[in-house]
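Asks: The primary structure of each chain is shown beneath.
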Amino acid sequence: MELKEKLISSFMAFEEQIDVHSDLHDIRTAAIKNFEHKGFPTKKEEAWKYTSLNSVLKNDYSVFPKHENAIEFAEVKKYFLHEIDTYKVIFVDGKFTSFLSATTHDGIDVCLMSSALNKPKYKMVIDEYFNKIASKDESLTSLNTAFANEGAYINIPKSKVVEKPIEIIYFSTGKENALMLQPRNLVIVGENAHVQIIERHQSLNENPVLTNSVTEIFAQKRAIVDYYKIQNDLQSANLVDNTYISQKQESRVSVHTFSFGGNITRNNLNFYHFGERIDSTLKGITIIGNKQHVDHYTLVHHATPNCESHQNYKTILADSATGVFNGKIYVEKEAQKTDAFQQNNNILLGDKATINAKPQLEIFADDVKCSHGCTIGQLDETAMFYMQQRGIPKKEAKALLMYAFSNEVIESIKIPELKQRITKIIATKLGVNLGFDL
Amino acid sequence: MLKISNLHASVEDKDILKGINLEIKAGEVHAIMGPNGAGKSTLSSIIAGNENYEVSEGEILLEGEDISELAPEERAHKGVFLSFQYPVEIPGVSVTNFIKTAINEKRKANNQEEMPANEMLKLIREKSELLEMDRKFLSRSLNEGFSGGEKKRNEIFQMAMLEPKLAILDETDSGLDIDALRIVANGVNKLKNENNAVLVITHYQRLLDYIVPDFVHVLMDGKIVKTGGADLALELEEKGYDWIKQEQEV
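Protein chains in written order, with our numbering: chain A, 1 to 438; chain B, 1001 to 1250.
One or more hints might be untrue.
As the list claims (entries may be wrong) - Subject to a maximum C-alpha distance of 27 Å in a straight line, what follows is the list of computed DSSO-like cross-link-like pairs (lysine-lysine):
#  : chain 1 : residue 1 : chain 2 : residue 2
1  : A       : K88       : A       : K78
2  : A       : K424      : B       : K1108
3  : A       : K123      : A       : K136
4  : A       : K424      : A       : K394
5  : B       : K1136     : A       : K424
6  : A       : K291      : A       : K136
7  : A       : K395      : B       : K1078
8  : B       : K1136     : A       : K419
9  : A       : K291      : A       : K333
10 : A       : K414      : B       : K1136
11 : A       : K394      : A       : K248
12 : A       : K158      : A       : K88
13 : A       : K398      : B       : K1239
14 : A       : K158      : A       : K132
15 : A       : K88       : A       : K221
16 : A       : K88       : A       : K160
17 : A       : K328      : A       : K136
18 : A       : K44       : A       : K33
19 : B       : K1108     : A       : K395
20 : B       : K1165     : A       : K429
21 : A       : K6        : A       : K38
22 : A       : K119      : A       : K66
23 : B       : K1078     : A       : K394
24 : A       : K395      : B       : K1165
25 : A       : K394      : B       : K1165
26 : A       : K398      : B       : K1226
27 : B       : K1223     : A       : K394
Stated by the list, open to error - Covered stretches of chain B (chain A as the covering partner; in silico rule of three or more C-beta atoms under 8 Å from a C-beta of chain A):
#  : stretch
28 : 1044-1052
29 : 1061-1073
30 : 1090-1097
31 : 1104-1118
Just so you know, the hints here were simulated from the structure itself, not pulled from any lab data. Backbone N, C-alpha and C define an ideal beta-carbon position, used for all residues, glycine too.
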């Protein structure tokens, strides 16, 4: 049976398992219908022109993991930001794992989507926010919505500054031959509240995994949200990340995406503005090789006046790796005095590496500042010669240059331990030990 | 120290050096002067091992060993230093971290232990004082946002740290005001001793007031056409290069 048919026939069984109130049932039913109608995206669609899921969809995925699989903390410690205290919402093969987690209801909610969806006390919040900013049209988002049941639920009340970062990690053990995961996260950040979140998907074994994740983030007036995505997965892992962000007046939301691994990774990152003087930041570093593929598909929808958006994506592709950057900035007629900036720099190290870069600016207001820049090049030979002349061997010189190339993005990481971690991952990725932390 | 014989080199099939002969002994300062496009910077790049140039003939001996086939970093490990006319910016890597890496790579290549941290700090302090560098400067990203003078001072600081056998200063005076020029020249003079050698590449005589050469060579059209003492530089400053050209034609 093809994956699409398998998913559709699993849907009824899925809904029978869980106790859902009728509103949720209606949302799910509409979603599965949309998915049934549209199916998986293909390269014929403009938005998926450069990314094919065909090879990934051939696997016979388990849609519901059969077992609860336990893992030892020691095994996975390195994937945590263990240097500092954090809240943790941890899943293993799609199931919440309490002993690896550190959730809370003390002044803030850092807990489970399944509780929020099913417990009456959360009903009002769910009615107000769940599936409100996520697309009802995009087929993979609909597929996730249909099966949405587990993930992280984070609700930060007004004026609360969360003092430690929140880590959301999805592990897959590989005990299933092939596993499909559909995590669903909901993040609500109240007026003047501030939160930092780190999200990671991590396979522990070479069996294929397909993750189709949806995250909705609501930033209320003057809220500050810093969201970091670490994608450094095994070669057998595939990820479609759909993130939808709703921002109210004077809120500041930044999303950093670090793509260092995985087989096929697609990041759909969407920002929507509902108020003035909003600030949106989208940054990314992609360093991949072999036949890895990373596709950044961003949208910033400027609908209100006096807002800013800043995009900066750095990509380094080695071997036969392929990269895509499609950055869309949409400025509505009402969105006067918009300041939208987009930059995308790419370095191709391998003769067979390919990048498809496509800035897309649709501007309907007449008093705006929109700029974009895109470069594709090789490593600067003069800079290489300079470092080699100082006695630094080619490999290390190359690593230093790549680090320097990514530096603008690294510098804007606001959690020092995370910054260190990312630079370490980059150094490992580049295979160098320079005697100092890059 | 350095012996170059019959060196021919080209870039993209264009001949730039057409038979250079040059010998520099330990303890000596040599200057190469010449009009723009004569091949001065090419010569310094080739001695340092820039792979963009093709050496078609001749040899480069450093202390009797042919280095013309070695990678730039191998030459650096053997004691060749080139102060760049346009030093490269490396965001995110501090001056301190860069020089630490350079020193320890050199030590590694020469089978030495890494330099202990306290020794390194002491050396950095000593050499940065020699170049009258601000402490804050050392934690800034390498050359990023540096003024022309700061870049050159940083080059000579690195030279001081690495203690090369042969230091080539490529147009080190360009972009320097008189104070920076004095500091840089003073740094070079203090580092100079009986066991190392300096090759100054320059278009103008100005730097040679401060770093006084034992020999001045005139490079024109890929060849050394005249060699003299420090007074030759003064003569060139006064009369330009045309008279040498005429002398050649005669």
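Asks: Determine for every hint whether it applies to the structure shown.
Replies: To see whether the hints hold, each was checked on the structure:
no.	hint	result
1	A/K88 to A/K78	holds (14 Å)
2	A/K424 to B/K1108	holds (22 Å)
3	A/K123 to A/K136	holds (20 Å)
4	A/K424 to A/K394	holds (19 Å)
5	B/K1136 to A/K424	holds (25 Å)
6	A/K291 to A/K136	violated (32 Å)
7	A/K395 to B/K1078	holds (19 Å)
8	B/K1136 to A/K419	holds (22 Å)
9	A/K291 to A/K333	violated (42 Å)
10	A/K414 to B/K1136	holds (23 Å)
11	A/K394 to A/K248	violated (49 Å)
12	A/K158 to A/K88	holds (21 Å)
13	A/K398 to B/K1239	violated (46 Å)
14	A/K158 to A/K132	holds (20 Å)
15	A/K88 to A/K221	holds (26 Å)
16	A/K88 to A/K160	holds (18 Å)
17	A/K328 to A/K136	holds (19 Å)
18	A/K44 to A/K33	holds (21 Å)
19	B/K1108 to A/K395	holds (15 Å)
20	B/K1165 to A/K429	violated (36 Å)
21	A/K6 to A/K38	holds (15 Å)
22	A/K119 to A/K66	holds (24 Å)
23	B/K1078 to A/K394	holds (16 Å)
24	A/K395 to B/K1165	holds (25 Å)
25	A/K394 to B/K1165	holds (22 Å)
26	A/K398 to B/K1226	violated (41 Å)
27	B/K1223 to A/K394	violated (32 Å)
28	1044-1052	holds (count 6)
29	1061-1073	holds (count 3)
30	1090-1097	holds (count 5)
31	1104-1118	holds (count 5)
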